[in-house]
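Protein chains in written order, with my numbering: chain B, 2 to 350; chain C, 13 to 588.
Everything labelled a hint here was simulated from the structure, so no lab data went into it. Take the hints with a grain of salt, since some may be wrong.
As the list claims (entries may be wrong) - For lysine-lysine, the following DSS-like pairs were computed, each having C-alpha atoms within a straight-line distance of at most 27 Å: (1) K407(C) x K22(B); (2) K79(B) x K6(B); (3) K79(B) x K112(B); (4) K246(B) x K187(B); (5) K79(B) x K187(B); (6) K79(B) x K407(C).
What the hints assert, rightly or not - Residues from chain B that face chain C, not an exhaustive set, calculated with beta carbons under 7 Å: (7) G69; (8) S74; (9) P77; (10) S88; (11) A90.
Since we're looking at a predicted model, the values are computed, not measured. Ideal placement from N, C-alpha and C gives every residue a C-beta, glycine not left out.
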Amino acid sequence: MSQTKAGIQIEDLHLSFGETKVLEGINMVIEPGEFFAFLGPSGSGKSTLLRAIAGFGPTPRGRILIGGRDIASLPPWKRNVGMVFQSYALWPHMSVRRNVAFGLEERRIPKREIGPKVEQALETVGLLHLADRMPAQLSGGQQQRVALARTIAIEPQVLLLDEPLSNLDAALRVQMRRELLALQRKLGLTTIFVTHDQEEANTTSDRMAVLDRGVIQQIGTPQQLYDYPENAFVAGFLGTANILKGTMQEGAFITEAGQRLPTSENVSGANRIVLRPQNIRLASAGSDGDIVGQVAHREFLGSQIRYLVDTPDGRIVIDMLHSFGQPPFAPGASISMSIDSRSAPLLVD
Amino acid sequence: MPDSYQTASRGFTLFPRLSGAAISGILIAIFLMAFLILPVAQVLYVAFLDSRTGGFTLQNFQDFFNTSLFRESFVNSLYVSAMSVVFATLIALPLAYITTRFNFAGTAAIQALGIIPLIMPPFVGAVAMSLLFGRNGSVNLLLNQYFGFRIPFMEGLNGVILVQSIHYFPFILINLSASLRNIDRSMEEAAQNLGSHGMRMFRRIVFPLAMPGYLAGAALVFIKVFDDLGTPLLLNVNNMLAPQAYLRITGVGINDPMGYVISFILVVFSIFSLWASFLFMRGKDYATVQKGGGGLSRRDLKPREKWLAWGVILLILALVLSPHLGLLLLAFGTIWSFSPLPDGFTTEHFVTIFTQSSQYVWNTIIYAGSAALIDVLLGTAIAYIVIRTGLPGRKWLDYMATAALAVPGVVLGIGYLRMFHGVQLPFGLGQLSSFWGIIIIALAVRRLPYALRACMAALQQVSLSLEEAAASLGASRTSTIRRIVVPLMTGGILAGFVTSFATAAVELSATIMLVGRASDAPLAYGIYLYMQSPAGRGAGAALGILAVVIVALGTYLSQRIIERERIRQTMSHDQH
């Protein structure tokens, strides 16, 4: 299938439902062929933004350019963006084949071309043998593939996926996300993937945008966002983070309780420090450490042990790799903690 | 196992000790056999008997199709039913479309419109409709005066089609709107996303998804019209099947085979269309609304579209309300003939019916009340036996009771006449077939399917664990039913009672054949008698108004009960 790669530009997009502002000042550039994720909690506006690109929901203010052309004022059926719905939205009164043919028929493609294109699309998702089934006869994963085939059959400029894995069970979800990525790489389609699951976003996307309350919090690769969060929301939403308040003094971060933590960078005005659970080393009391505390609770997770530790700055979470036979710290034990200064980003509110 | 706490039967005994449920089940089965299955089976059987020799024959059917009047009646009944479906669709489709697809201020009005026709039995409005739309009715008088032409709204079969489609369109409206509302908006958005929109999308996606609901409604309209006796009779249209059956049996006699042949045809068509609508619905549960989704996407109307929508709706509203308006004019008018409006207004007709014909009202209250009581008793018992016990053959109670749906009133009436004709009652009550009590039984059997559904629904809401809790605390089965199950089912039972009562109160087709003398007659029959003569129409209309009030109050009450029950249910669920 020959797809024309198209980039997406969103410029100063605002959208409200009546009085409620849902999206505010959205700006982003998605490169041609990129796998891009919108990540955020429910109500963050990520689905609304995706639907605005497809042309559904209230008319937004601002510009949406696909391949350089502003489509914000076009009705959905003239946009040529393919969307896979969370519920798949397969039409129950049509066979798989007719579902997939629908978009081609609407485009007035000659009949003799439709058949091969439908088969090619079904072949791509590996479901050609089920072409004459009705949707109700398919499993959830198969329905998902049909929805995908139906969308790629029209050779859209961009592919929009609205929580595509949320209706699948856990094992299938992992398999499907790999298949989705493989398919996207094969077709080279610019793809936007909406999810509330950071693992899905991390494992699939080239870059992602984290949204909260209708505002983009940060855009970047999964690793950039994890290692260098720009605010407390991003730090807390991606993985587990201990965020301590404090101030910068003489190249070190002094917590509210007065503990001194070394930092490698000197960010002026920084008032928060992000400590990832796995970047804190634990030792028994008395050894050299940056913070002292007492184990309040312990969870054995197999590959690691998670400790909840009470410190003068409150309870923090620490993960320690578990090595064979090593006895863990008991609840109530006094311990000292040291921090790798390179792995503790500073935040300015 | 629902009855896991019941002791298993130990071996074979000659006289097994029967549980209360089993005894009730057997009694109900006997009742249904005696008053539904056997009378109807006999009617179907007699259709194949030679009336002289008593041997098996197909001669009756041959005679039927060789008589031009019967052929004509058969074709007319099919034609009227099909055309009523067409016109009912023409009324219902725009209403369903406008209310489900657009943000429209008139949605509440249209929903009210959807039940107004149902609160008036069609035969009650029939005469009023002739006075408004007939050859010399108000509309045609005005048309003729100003434009010099008339429209034959009510000529012959047209009148039946008009009255029936105005009365029965809500069945299509309700079913179609429900299906449209059950379509998830992503169904439509997916189509738009793939390049479809407007009428094309409606035709390819939306309407096919709503089709099962539409067909179910249409099948219902078809069969109701096909079976109806009262409307053609009151409009004096006799060349249709149901009136012919009635006229043959009451005119020629109980042994005339034609009435039975017609009954056979009516039953076959009823079963066929019920079966067809079951087929349409099977495997096509298109209710696609997802969690977080919500019906079709609605859009605002442009100003011109808004005017158009209001125009269509007001036109339909005028048409739908015309039987009510006509009935009011007739009931309060003095003389109404060859003029657009009555000459003057009076309350005399109401005085007449209350002084001279109050027995109709009392009879109706007694008959419909007793029938509804029988229905909820049977309904509760059957529901309990079917859902909560393991009695063998319990499903058959449900099937038998529900089979009444496929039996037209005329057929049941003929069946009772045939079966109970020679049965003498003790205490000087006369023959069973002309005893007033048989009317109650006919009404009860006719309305039982509806009451049974209400009771089944109510019982399904009662969690089994509530009963098990009572049993584990030492309550016997009888006392569990009395103290736990029935109180929790009260709302559903009450709603079933009120619906049965309100619809039984205006039933005509079975009763008309079973009324032995005028003093035993209910309201519907009284209306029929009055409407026979022009002089009696005023009083007939006044009775009609009374009937409408009874049905309207009943409908309102059962809606209130169902609503209250629903709120109670959700509240108790919230506490979990």
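Going down the list of hints, with the structure as the test:
1. K407(C) x K22(B): 56 Å, violated
2. K79(B) x K6(B): 18 Å, holds
3. K79(B) x K112(B): 21 Å, holds
4. K246(B) x K187(B): 46 Å, violated
5. K79(B) x K187(B): Holds. K79(B) to K187(B) sits at ~25 Å (cutoff 27 Å).
6. K79(B) x K407(C): Between K79(B) and K407(C) the Cα gap is close to 55 Å, so the pair fails against 27 Å, i.e. violated.
7. G69: 21 Å, violated
8. S74: Status violated, d = 15 Å.
9. P77: 4 Å, holds
10. S88: With Cβ-Cβ at 4 Å, under 7 Å, it holds.
11. A90: This hint holds: A90(B) lies near chain C, its Cβ roughly 4 Å from the closest one there, short of 7 Å.
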